[in-house]
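Asker: Given next are the chains, with one letter for each unit.
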Amino acid sequence: MRSRLTGFLLFISVASLNAQSGLLDSLSPEASAAAPAILFNGTRLINGHSVEVREKGILEFIISHRFGEISSGGYNLYGLDESNVRFALEYAPLNHVYLGIGRSSFEKTYDGFVKVQLMRQLPGRSPVALTLFASTAFKTLREPERDLTFSDRLTYTSQLLLGRKISQRISVQFMPTYIHFNTVREDEVRNDVWAFGIGSRIRLTRRLSLNGEYYYQKEKLSADYFNSFAVGVEIETGGHVFQLQLTNARAMLEKGFIAENTSDFFSGDIRLGFNISRAFQIGK
Amino acid sequence: MNRVMKFFLTHIAVLLSLQGYAQRLVDRSGTVSFFSRAPLENIEATNHQVLAVIDGKNGEVAVAMLMRGFKFDKSLMEQHFNENYIESEKYPKATFEGKILDYSPELLTRDGTHLIHVSGRLTIHGVSQTRDIETNLVKDNDGIHVTFQFPVRLKDHEVDIPKVVVANIAEEVAVSGELHFQNTEQ
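As given, the protein sequences belong to chains V and U, one line each in that order. Position 87 (the first sequence) corresponds to 87 in the numbering used here; numbering is contiguous. Take any residue in the second sequence, note its place counting from 1, add 1000, and you have its number in the numbering used here.
Wrong hints could be hidden among the right ones.
Stated by the list, open to error - Straight-line distance between alpha carbons at most 25 Å, and here's what the computed DSS-like set of lysine-lysine pairs gives:
no., chain 1, residue 1, chain 2, residue 2
1, V, K56, U, K1071
2, U, K1074, V, K284
3, U, K1099, U, K1139
4, U, K1139, U, K1071
5, U, K1074, U, K1090
6, V, K284, V, K56
7, U, K1090, U, K1155
8, U, K1057, V, K56
9, U, K1090, U, K1163
10, U, K1071, V, K284
11, U, K1139, U, K1057
12, U, K1155, U, K1093
Don't read these hints as lab results, they were simulated from the structure.
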């Protein structure tokens, strides 16, 4: 009994001596909960939204531009003569909520949206990032031959944005979408469009990425319309994100580029476009 | 004194003497900040969860901190710091391992103020550099207080600054810190 006690006491004293080696090893900073994955650089993939929202207090200004179709020939300077613009001001009042208002030159349409991030991708918590998006568009283009009421001019879009960062360099996203047009044009045969979008981002360097986006419509508004396809590069520098893309879509609004495309990407009706976004921290 | 008492007393004496050898000073909430001054923008961040330990026996020193522990006023700046510059996913920690030069245990046991030199390896962004850091050490009734300030050249640790933001980020940042050690700990 006595020898066992002695042995035990000697053991713990020796053990404490050994614990002194590897001073740095003894310091293990509490592993901070792994940070949620960042799938995309900004809130837009190319034409459409990405799963990302901004952190609370951030105000973002976005200018989007689309030229005309390259297929319109030399007389039109391959589309550079035509210009479509959208300005937007977006703000994050809370960490997972993002609001925005914008105005597009195409059909002089105003839009407002709400984006709520439900889940971020975090190992152990969620394998995907999930964000809900809802937008209302109000077309103010004068069409005197049609007697349009306020409500006639409205179009509603809702999207489920589901994304996953599948590796250090690659993120993918799925965008099931539902759009409802209160009123449609003469040659359009329905008011509702269901679409499914897919998009991806491939990180080439720390600041340069290659993005792709495609929206497939289950049933189009008109047989003459096309699905939107876009491919572009993205450069992130400090508070700016620059995106340069080639796309067939003229509009920069969901209901426009998803459901009202009259350009066929694969026939050369391709437009050069860019998005520039600048984020400011104005709240805490 | 009976045999049992003698037995325990000798063992306790042994343990207590070993306590002397096992003297280690630990700070679990040290502060380290860095400041970058550039024409367009000043960047500043602070980490309040720095771990530091001094081995009282030989003056060996180790400091470790998580890069994600550096907090910025602007959340977007913090995000870029971690994602694009420091690459915290790949290199989560910054560490310093070294030794107090001309060390004597009295530095830590006798009240006083000293300017000491600590020499060792500073590892940031996965790249180590040998540094000799001038440090102010004060021992008083509250414990041992260490303050330091030294420059870090971003290039030395392979932190790239793209030309586009050269006017926003300085090539050399000023690092400063404060550590407080409360007496002995195993």
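Asker: Run the structure past the numbered hints and jot down the numbers of the failing ones, going up.
Answerer: Going through the list in order, the structure violates hints 4, 8 and respects the others.
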